[in-house]
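Enquirer: Okay, here's what each chain looks like letter by letter:
There are 2 protein chains.
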Amino acid sequence: MDYKPIDSKDLEFFRSWVEPNRFSTGESNLTLHSRDESLHGPHVPEAVLWPLEAGEVSEALKYCNARRIPVTGWGVGSSLEGNPLPVAGGLVMNFSRMNRILEVRSGDFQADLEPGVVYKDLNERLRHEGLFFPPDPGASATIGGMIANNASGTRTVHYGSTRDYVLQLEIVLADGQIICIGTRASKSSSGYDLVNLFVGSEGTLGLFVKATIKLVGYPGEYSAAVVSFESVKAAGQTVFEIMRAGMDPAALELLDKASVELLNREVNFGLPPNPALLMEFHGPDRKYLGEVIELVKEMAEENGGREFSSGLGREERDRIWHARHKIGEITNRVHPGTKRMILDVAVPAGAFPEMIALSEKTIKDIGLPGYIVSHAGDGNLHVVVLGKQGDPKEWAAIDELNDTIVRRALELGGTATGEHGVGLGKRGFMKLEHRDALEWMQKIKRLFDPHGILNPGKIF
Amino acid sequence: MDYKPIDSKDLEFFRSWVEPNRFSTGESNLTLHSRDESLHGPHVPEAVLWPLEAGEVSEALKYCNARRIPVTGWGVGSSLEGNPLPVAGGLVMNFSRMNRILEVRSGDFQADLEPGVVYKDLNERLRHEGLFFPPDPGASATIGGMIANNASGTRTVHYGSTRDYVLQLEIVLADGQIICIGTRASKSSSGYDLVNLFVGSEGTLGLFVKATIKLVGYPGEYSAAVVSFESVKAAGQTVFEIMRAGMDPAALELLDKASVELLNREVNFGLPPNPALLMEFHGPDRKYLGEVIELVKEMAEENGGREFSSGLGREERDRIWHARHKIGEITNRVHPGTKRMILDVAVPAGAFPEMIALSEKTIKDIGLPGYIVSHAGDGNLHVVVLGKQGDPKEWAAIDELNDTIVRRALELGGTATGEHGVGLGKRGFMKLEHRDALEWMQKIKRLFDPHGILNPGKIF
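Going down the list, the sequences are from chains A and B. Residues in the first sequence are numbered consecutively from 1, following our numbering. Residues in the second sequence are numbered consecutively from 1, following our numbering.
Hints may contain errors.
One copy or two, either will do: identical chains are not told apart, so a pair holds if it fits within one copy or between any two.
Claimed, not checked - Distance condition first, Cα-Cα at most 30 Å in a straight line; then the derived DSBU-like pairs of lysine-lysine:
1) K339 - K233
2) K4 - K62
3) K297 - K214
4) K445 - K431
5) K326 - K4
6) K62 - K339
7) K233 - K210
8) K214 - K431
9) K361 - K4
10) K287 - K297
11) K233 - K214
12) K361 - K326
No lab work stands behind these hints: they were computed from the structure. No experiment lies behind these values; they were computed from the predicted model shown.
With these hints in hand, go ahead and build the complete structure from the sequences.
Expert: Below, the structure is given as structure tokens:
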């Protein structure tokens, strides 16, 4: 695609209707939008616009579409595959000021949101109504980013991904047209499902300006447990058995020995220095949860699980999950001068033990600092590997590790990205994963965005 | 679109590679494929093909696409909106001989199926593994039909629609190309979600020849209950309160007085002659279910519920659901000389009591035999109205009732079809429901099927 650089006439256009504090070409603002939390970038945009309403988004897109100026949506830049980086320059549309919770209809278990709402703020607001929005990506992501990447996290094993919660979207298309897709009914068989087409499309088909999402009531009771294992393989086998037995955990996370030791050292995690499973169960009452935990304990111990600790109170539970969410950040701190690659694949349940074993072996083989942290219950595996900045040999080894694990996941019927999206990092695997279906994705892209102005260079 | 009638040269082509017992132009076979369970039709095809494998489906589509011969997929004809009727003639592709359960991977909670598998047969096969495929449309539908219409039913309130269970599809496109979409991982953020685009597309974008679906383990315990109410309004209010309180029923059905009386008379249903709720709860153990049932009983009684009967055994439960599924059939038998219109809308939970009240009023207003039978827990409402065959006045009144209820459902944020699909019957409401998004559905249709040979005349 041929894109046109933003010139003085374009600047004049934007400045004619946007207040100065919501449109910037200043270097510090451009730099702030040139990197996310991934390895990728910097990719510096030419201008940043903070829209306040759908009409402004439409106006900007109409203009940019006519002039072939790239437009890339931006939440808070917490993504992990370079998803919102403006690789072709152009305009970044920062939705942080469109962050209103427009309406909560608790009787319908629904809320209407602007894309800039931070999901933690949303859950804070919903707490008083006994409701919450379950997908929990860990980072302080916006609803917009979560929908764009179909984000998920520790609770997805029971509650599903962001995709499972989006009922209706108001979308601005490349040429500025605003359409509303989906329904507020809890189910529908009415025409093509456009909502799911847009969820996970990473801002390449349109930019949404309003979402109606489903909410969930708080469970009657929570219970958390941790257990240690001699080997990652034994922990992986236990995960498979817990899932196979229908124990329905609300979270089931696997940490390898290196991750546990890291957390012990850095945040006094206090577990034995061995691979561990962190679990949470939600249920109607304590008695039921007690029975579930007892069964899970037996399964763990049959696989050599030790120091099974359950019945953890709220404070202890929060501490564990907080620590779990901090791993990425901590690895960067304890390995100064490095960058981190976070691998993200997902496989069917039966393939999980093999994937865990392969991950452990490949980390050992390359001899670099590596950590396995996995949403194990849904077969989603993350491997964090640290390489020295600018060391081509280390990075070649890391690339090869990534390549080996992703290819094996695909062979086992899995996916190249369980939750981080394709962005820049996973483009190279799309043909292998989707084969001839990829060309149909590209045709859909061209249908909705014939000039390719929306988040160019991503997915494909 | 300009379609070409099937001529002798076309027949020669098909007969050159299909055995005579799998390709027919005989009148009785054509007639068998001219009607489903709806009011629509007859629409007689020109030929019927029973393919055995993907290659044959591809061969047939490639040929028909080149020659502009319409092709319409067919399961068992149990649909309720004319969805598989060959309104433009052409070829009907009957998938009943592609009915193999190809593989059950119980460790993954997955199965690979051909489209002609009847879901009841599937569940029979899965019972021995402690697994089942939850969407329960009542009729003996095929998996193909269920996926094409995104079918759902009594269990959807807890377990979701067919859509929620489709992981991967092998699809033959209009020009004969075979693509595989989706992944076997339980979650993915890899590229555009084509699976959900095809689920519910009613055979207008492609014909699928293989599906990988998710399965679910049997719950620990079941419990069913029934309760009667003085008014449909009180029953509807109770539904709202049960859902609002997060009681999570596995089924929550509302029958009006006429439906209960009909079942009492015809199948000795044995309930008081009043509106009723039929409920089922799934849970880990009897104690938990006992507590849930107690809470639900209180809610029902606060709304005037009477003769609450719970703890129904397996036999009694099966009897209730069997009777519930028979209502449509029975109405036809007890009103000879009539045809039945089955309305199908869904609304957000908060709008359900109003919709129930409106349905009751409109039935009373037109003075024809009418029955309200609703998957109340997910806001899905069916109204069955019987009109004399060939009586224009009665049918004008029925059309108006349908129009009134669908329009109000749309105004309340609902959908024109909760589970029966658009087919022929709901086309007229598509513009009202989807507004400008409808044109994008049509663009997608043209992208995948530029000559419009796939199930023409449906949805749009």
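Enquirer: For every hint, state whether the structure bears it out.
Expert: Hints, one by one, checked against the model:
1. For a Cα distance limit of 30 Å, the shortest separation of K339 from K233 inside one copy, 27 Å, qualifies, whereas the shortest one across copies, 62 Å, does not.
2. Taking CA atoms no more than 30 Å apart as the test, K4 paired with K62 passes inside one copy only; the shortest distance there is 15 Å, against 42 Å between copies.
3. Only between protomers do K297 and K214 lie at most 30 Å apart by alpha-carbon distance; the minimum there is 27 Å, versus 33 Å within a single protomer.
4. For the homomeric pair K445 and K431, the shortest alpha-carbon distances inside one copy (15 Å) and between copies (24 Å) are both at most 30 Å.
5. In this homomeric assembly, K326 and K4 never come within 30 Å of each other (Cα to Cα): the closest approach is 41 Å inside a single copy and 64 Å across copies.
6. Neither within a single protomer nor between protomers do K62 and K339 lie at most 30 Å apart by alpha-carbon distance, with minima of 39 Å and 51 Å respectively.
7. With identical chains, the CA atoms of K233 and K210 are never at most 30 Å apart, being 44 Å at best within one copy and 33 Å at best between copies.
8. In this assembly of identical chains, K214 and K431 lie within 30 Å of each other by CA distance solely across copies; the values are 25 Å between and 33 Å within a copy.
9. In the homo-oligomer, the alpha carbons of K361 and K4 never lie at most 30 Å apart, since the shortest distance is 47 Å inside one protomer and 61 Å across protomers.
10. Proximity of K287 to K297 under the C-alpha cut-off of 30 Å is found in both arrangements, the shortest distances being 15 Å within a copy and 22 Å between copies.
11. In this assembly of identical chains, K233 and K214 lie within 30 Å of each other by CA distance solely across copies; the values are 25 Å between and 37 Å within a copy.
12. For a Cα distance limit of 30 Å, the shortest separation of K361 from K326 inside one copy, 24 Å, qualifies, whereas the shortest one across copies, 58 Å, does not.
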